[in-house]
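Participant: Chain by chain, the residues run as shown.
There are 2 protein chains.
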Amino acid sequence: MEYTKFMSDRVKTMKGSAIREMFKRMADPEIISLAGGNPAAELFPGEELSKIAGKILMTSPTLALQYGTTDGYPAMRECAKKRAEKVNSVTDDDAILIMTGANQGIDLTAKAILNKGDKIVVESPSFIGSLNAFRTYEAQLVGVTVEDDGMSMEGLEEVLKNDSSIKIIYTIPTFQNPTGTTMSLTKRERMVELASKYDVLILEDNPYGDLRFSGEELPTLKSLDKEGRVIYAGSFSKILSPGMRLGYLVAPKALAEKIEVLKQVNDVHTPMLTQLMCVEFMKKYNIDDYIAKNCELYGRKCECMVESMKKYFPEGKVKWVVPEGGIFLWCECPTITDITPIVDRCLEKKVAIVPGSNFAVDMNAPSNMFRLNYSSATLEKIEEGVKRLGEVLSEML
Amino acid sequence: MEYTKFMSDRVKTMKGSAIREMFKRMADPEIISLAGGNPAAELFPGEELSKIAGKILMTSPTLALQYGTTDGYPAMRECAKKRAEKVNSVTDDDAILIMTGANQGIDLTAKAILNKGDKIVVESPSFIGSLNAFRTYEAQLVGVTVEDDGMSMEGLEEVLKNDSSIKIIYTIPTFQNPTGTTMSLTKRERMVELASKYDVLILEDNPYGDLRFSGEELPTLKSLDKEGRVIYAGSFSKILSPGMRLGYLVAPKALAEKIEVLKQVNDVHTPMLTQLMCVEFMKKYNIDDYIAKNCELYGRKCECMVESMKKYFPEGKVKWVVPEGGIFLWCECPTITDITPIVDRCLEKKVAIVPGSNFAVDMNAPSNMFRLNYSSATLEKIEEGVKRLGEVLSEML
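Residue numbers (our numbering), protein chains in the order written: chain A, 1 to 397; chain B, 1001 to 1397.
It is possible that some hints are incorrect.
What the hints assert, rightly or not - Partner residues aside, some chain A positions facing chain B, computed with beta carbon under 7 Å:
1. E30
2. L65
3. S223
4. M272
5. E324
Note that these hints are calculated values from the structure, not bench results. Quick caveat: nothing in here was measured; it's all calculated off a predicted structure. From the three backbone atoms N, C-alpha and C, an ideal C-beta is built for every residue, glycine too.
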């Protein structure tokens, strides 16, 4: 049977994330992956969560196994609120919604805002999961260049000035995916100003903000916003566990109400057990201590990667900015236009990296950039992976 | 700030499920709820799942806490496949996708099929969660009456004959929500024939199919379909736990591929722990034994409700069909046009029921029907709740 005619326009040309597709090809255990976005598994609190889950199901089976409320289990909303309060990112005019991963928050926010053809400003490059979510609402993505200190504010104003139909800006200001860059304080203040001047909303995606291992903490856009223009998406994926799928939105009540209805028809509510586990974990342990351990590890891993790059990459042929936190490092090869043959050759040499085109607004344009992840592999694998990559780069640049 | 102008058309007039709103008003512990759709909590296997969860997190923390694949954990897909095979509802041309509750499967199927303005045939009345999901894609709902033996086939053909733009039929053929009715074999065969004749797809939602306590099992629409027109949505919510949010889709590969991409941008994947718990539960225990215990209990609860209705309802004023399974019972009051005052009076008398308008295609039209649930309350509460309801009906009919 021919199914194309039954498909909605939004999916007809849609492809999955090439990164997740790449994972399927990576069953080969000899491949060193610098491609994914997995947090370090070494530190997962398996034993602690094992005891917690066992106890919850033994003492409160009905609570853990029965239907819950769409906006989230109240104590879990309190936990999310605490995280948001830590970065001054929740006001009395906001509501908190627990999400089955922050990605759901991004998806449903887009669904609540974007009509077909509506325009959304995004960093170029940006997180493919969010870009693809926006694409499924047939929105037009308007890319603004990411500089070493975050989105270009000249570029942003240019875009906003010339198009009054733009509704919202999507940004990952801190340890951006894929570039690892962090928006400066000046630019943060400017972005909030511009949002006000041109009357648009901001969707601030902050999954990596807690993972700082150098430099100084910067305020979130949400904390700088006095008008209620910022919707803030937080996540427990990188500070507790991605497999638990726990994230949250802090959003002005009028918008949160609509997003809640969209969640109701999407997954009814986030699974109860994982919510209860997170609540108990935060009650019994200091999650900031756990995060600090992760930061320390990521700092070492990042340093190892950068040192290996200096050692193995052909001199002067690859440019990068050393991140102050997060899990990604972004590289540019100015002497070529298309990284694809290098990525393919890397897979033959059993190291996986992600070509920059995946994160572009125009995915078909060639890119001379690639993304590296340092959170997932061990220190030994990072060095070995970068060595293999360096060999390919030396051979092909 | 005024947010309406930022909202997409789809959410501007959207309201949440009145049923879930009603829950919020029901904090009063004296209220007996015959309103929800909760399965019986008495039988939840809390102790078994406690041991299982504890062991998984202790022995496989990385698997349980790290990112998983969008289509689902392979062993979980096997579990879903077994359930689908039990009702002959999976072929070699199908793929299985694990969903964070079957509702997500309905939502994302709609997203993959429906453009704005596209038409979808639904039973009238039908499950509000699905109807609202379709509404969020700005689809036009075309309602076809539900008779005592399921959707009217004359009504369906009339609609299909006169409108070649219809893409898909949504149906809950077994123990339908809200009517509790089951589509006869003749009608099932006819629906599959009509889908072929008029070249449309069928989305078969079967969350209650396992919960039969009387009468004979009937084949699913999916099992009768030889052309690959049926997308089948299954659920573990009513046979294991709704709070775990585990469902699945069986769909032709070409469509499943698109739905998988939509899930990727929605929640990336269903939480790992709950998937692993379900796999272990099905490995260690015979889930059909557990389901059988539920059916036996629901049969007794349904009987209790029906007997109480006979005893306490004003004679000849209320019509209903006794269901052969599932969790809902549907009542009509032919002498009135609007049940709202009765529902409100019931809440004063501390018993909650759901007015029929919630399940209608046109939610603003008055309804003289209401839905009762018998799975959730205890036998004592069912009798007491129906007694209170009977008093209101006697007073107001």
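Participant: Each hint: holds or not?
Facilitator: Okay, the hints, checked on the actual structure:
1. Violation of the interface hint for E30 of chain A is found here, the shortest Cβ-Cβ separation to chain B being roughly 19 Å, above the 7 Å cut-off.
2. With its C-beta approaching chain B no nearer than about 4 Å, L65 of chain A sits inside the 7 Å limit, and its interface hint holds.
3. Given the 7 Å rule on beta carbons, the hint for S223 of chain A is violated: about 17 Å separates it from the nearest Cβ of chain B.
4. Hint on M272 of chain A holds. Least Cβ distance to chain B is approximately 4 Å, under the 7 Å limit.
5. With 7 Å as the threshold, the beta carbon of E324 of chain A stays out of range of chain B, its nearest partner Cβ sitting at about 24 Å, so the hint is violated.
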